[in-house]
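**Q** These are the residues of each chain, in order.
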Amino acid sequence: MELICPAGTPAALKAAVAAGADAVYCGFRDETNARNFPGLNFSRDELRTGVEHAHRSGVRVLVAVNTFPRAGALELWHRAVDEAVAAGADALILADLGLLAYAAERHPGQRLHVSVQAAAANPDAIAFYVEAFGVRRVVLPRVLSVPEIAAIVREIDCETEVFVFGGLCVMAEGRCSLSSYATGQSPNMQGVCSPAGHVSYEERDGRMLSRLGRFTVNAFGPDEAAGYPTLCKGRFATDRGAGYLFEDPVSLDAATLLPALREAGVTALKIEGRQRSRAYTERVVGGFRDALAALAAGREIDTAALADLTEGQATTTGAYRKTWR
Amino acid sequence: MQLTLGPVLYHWQPDDWRDFYFRIADEAEIDTVVLGETVCSKRAPFFAEYLPAVAERLIAAGKQVLLGSAILISLPRERRQAAELAESGEFMVEANDLTCLRYLQGRPHAVGPFVNVYNEATATWLAERGARRLSLPPELPLPSIRTIAATLPGVTVEVFAFGRVPLAISARCYHARLHGLAKDNCRFVCGKDPDGLPVRTLDGDGFLAVNGVQTLSHTCADLLGEARALAEAGVGALRLSPQRCDMVAVARVFRDVLDGRCEVSEGHRALARLYPDVPFANGFVHGVAGAGMVA
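For the protein sequence lines, the chains are A and B, in the order given. Counting with our numbering, you get residues 1 to 325 for the letters of the first sequence. Counting with our numbering, you get residues 1 to 295 for the letters of the second sequence.
Keep in mind that the hints are not guaranteed to be accurate.
Okay, derived cross-link-like pairs now, DSBU-like style, lysine-lysine, Cα gap no bigger than 30 Å in a straight line [unchecked claim]:
{"no.": "1", "chain 1": "A", "residue 1": "Lys322", "chain 2": "B", "residue 2": "Lys192"}
{"no.": "2", "chain 1": "B", "residue 1": "Lys183", "chain 2": "A", "residue 2": "Lys322"}
{"no.": "3", "chain 1": "B", "residue 1": "Lys183", "chain 2": "B", "residue 2": "Lys63"}
{"no.": "4", "chain 1": "B", "residue 1": "Lys192", "chain 2": "B", "residue 2": "Lys42"}
{"no.": "5", "chain 1": "B", "residue 1": "Lys63", "chain 2": "B", "residue 2": "Lys42"}
{"no.": "6", "chain 1": "B", "residue 1": "Lys42", "chain 2": "A", "residue 2": "Lys322"}
Coverage of chain A stretches by chain B, computed from C-beta distances (three or more under 8 Å per stretch; other residues unrestricted) [unchecked claim]:
{"no.": "7", "segment": "93–102"}
{"no.": "8", "segment": "116–128"}
{"no.": "9", "segment": "248–261"}
{"no.": "10", "segment": "289–295"}
Distance windows between CB atoms, simulated [to be verified]:
{"no.": "11", "chain 1": "A", "residue 1": "Gly243", "chain 2": "B", "residue 2": "Arg269", "range": "51 to 57 Å"}
{"no.": "12", "chain 1": "A", "residue 1": "Arg48", "chain 2": "B", "residue 2": "Leu181", "range": "33 to 39 Å"}
{"no.": "13", "chain 1": "A", "residue 1": "Gly227", "chain 2": "B", "residue 2": "Pro52", "range": "50 to 56 Å"}
{"no.": "14", "chain 1": "B", "residue 1": "Ser88", "chain 2": "A", "residue 2": "Gly58", "range": "47 to 53 Å"}
Note that these hints are calculated values from the structure, not bench results. C-beta: ideal position from N, C-alpha, C; glycine also.
Chain A with its partners taken away, still in its complex shape (with noise of 0.2 Å):
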């Protein structure tokens, strides 16, 4: 299986090569991808530079133009398909139809894959892309069980990619708007969620709240850390009491289930975390090639190791395993 790294700046993109990854996957410094914040991501420079570095190691670069193009201008969007196919991007991930029907009209030798932003999440709907735009590779949305996975690699005619590691939506990926409910911009439109500009913190009485946009997402005690206000691991109220409705803070982690990826037929591993420190996309990325490595000998993979890398947070194997729901 392929191992496919975030790099959010061209010292993550070294990182994650040097780190043994099979690919890494970048966007453009702008609204048309969706890990839009600030200090994140490459211009037009870095990223041929990036792709010439990557290719001198056999490493391939997949560029990221996943938002949807904002009506009106989508000469933004396709600027940004042209310029990464001109970088000589390996493949590019893209959710929104109308840029992928120009992708493939634009540039038909270049290889789409289709972003989990497109929530593509069984074969008719993967049958689709592949019959309209000629795709090569679907990231699998994070809603579906390890034997889900499999039942879809028998059905369809692209190869797949799926998260094992890093953050994790709850919701279906590019079908949820809860961030511009609270503050105005959403992972579809802008390529944010949560946006840090509209994050506050609070203390009353002994209490840290963390609020995104005028709503209070979370309150902390002394003993607790104050965490990140993401709107779907927040602590909410019901009639049924205070708690973490939609998910714990937890992040994925699928290192256990490698052996059932692989016997899925899934093609690629990805790591999510475009956003995170150079050093952490080094230590992810050697704990999976290593893990791979493991898995390939037919020797145990050491879980623990990996486990160290979410740096003391909570993990879940997410919807992979079918409890989850």
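With chain A held as given, fit chain B onto it using these hints.
**A** What follows is chain B alone, placed relative to chain A:
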């Protein structure tokens, strides 16, 4: 400007569901009605036996009937349902996921608010494959709506104008999770909350509403004040999403405001009487936080 009644998103008791639509057929000034279970495939069998009678009564009352497909399709059973829906051909299908579109291509169909249509290129691409109606994602701001509608004068462009706004869909059922149940053995606890389960912040502010695998806004959309601008932008229909209130009267308020029989401010007050205790919002169409109400 036409009015569309979106599908009931909640798990209503079958008799309530049937009686609701019978009254819509008999009394509501609504042009198009979308039927079908779009949120959770486990609920569909409960009212399946009533569906033909409901559709027949709506058609007899002169309303166009669309059948909505499921929003999130992952199980083999759900795929079969989607394929059967698309191939039955009896009613126009409103596709809420690309699964259905595979079967609908080349035939007239509608595209629901859960397909990501954010721009004129995607809208055009879908129209070329048979989309006759496009119900746009609720988070779209007015300039985007205007551009899409201007590009496709032959397609009915629709905007979500009343009801709690669907914000997210998940593989996980939050109703089951809250009740300590597994999704496969959920006992249909979502039926206890026919208007959505209120979710408050820890400060006690209303925030969201949970409906099984779906999450909606606590606020209720009210685009009465934007109706004229939307009409001028080329929008052909407003979608009213059923809540547990007098939807016949809600439709009448919208019709009266659209036809100039009632001032917008009076319409807002009428909606507040019909659906009390829930704040109204129009932020999305103004390009700000969706929970906000721009005067």
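**Q** A separate judgement is required for each hint: does it hold in the structure or not?
**A** Hints, verified against the model:
At most 30 Å may separate the alpha-carbon atoms for a hinted pair to count; Lys322/A and Lys192/B meet this at roughly 25 Å. Simply put, Lys183/B and Lys322/A have alpha-carbon atoms about 9 Å apart, close enough for the 30 Å limit, and the pair holds. Among the hinted pairs, Lys183/B with Lys63/B is inconsistent with the structure: their alpha-carbon atoms are about 36 Å apart, more than 30 Å. For the suggested pair Lys192/B and Lys42/B, the alpha carbons sit about 15 Å apart, so the restraint of at most 30 Å is met.
Distance restraint check for Lys63/B and Lys42/B: the Cα-Cα separation of roughly 28 Å lies within the 30 Å cut-off, and the hinted pair is therefore satisfied. As the CA atoms of Lys42/B and Lys322/A are separated by approximately 16 Å, the hinted pair is consistent with the 30 Å bound. Counting residues of the segment 93–102 of chain A whose CB lies closer than 8 Å to any CB of chain B gives 7, so the stated coverage by that chain holds, three being the minimum. A count of 10 residues in the segment 116–128 of chain A with a Cβ less than 8 Å from any Cβ of chain B is obtained; the coverage claim is therefore met, three being the minimum.
Requiring three or more residues with a Cβ within less than 8 Å of a Cβ of chain B, the coverage given for the segment 248–261 of chain A is violated, as only 0 such residues are present. Requiring three or more residues with a Cβ within less than 8 Å of a Cβ of chain B, the coverage given for the segment 289–295 of chain A is violated, as only 0 such residues are present. Taking 51 to 57 Å as the suggested C-beta distance range, the pair Gly243/A and Arg269/B does not conform, at roughly 37 Å. Distance hint check for Arg48/A and Leu181/B: the Cβ-Cβ separation is about 53 Å, which falls outside the suggested range of 33 to 39 Å.
Checking the proposed 50 to 56 Å range against Gly227/A and Pro52/B shows it holds: the Cβ atoms sit about 51 Å from each other. At about 52 Å, the CB distance of Ser88/B to Gly58/A agrees with the hint of 47 to 53 Å.
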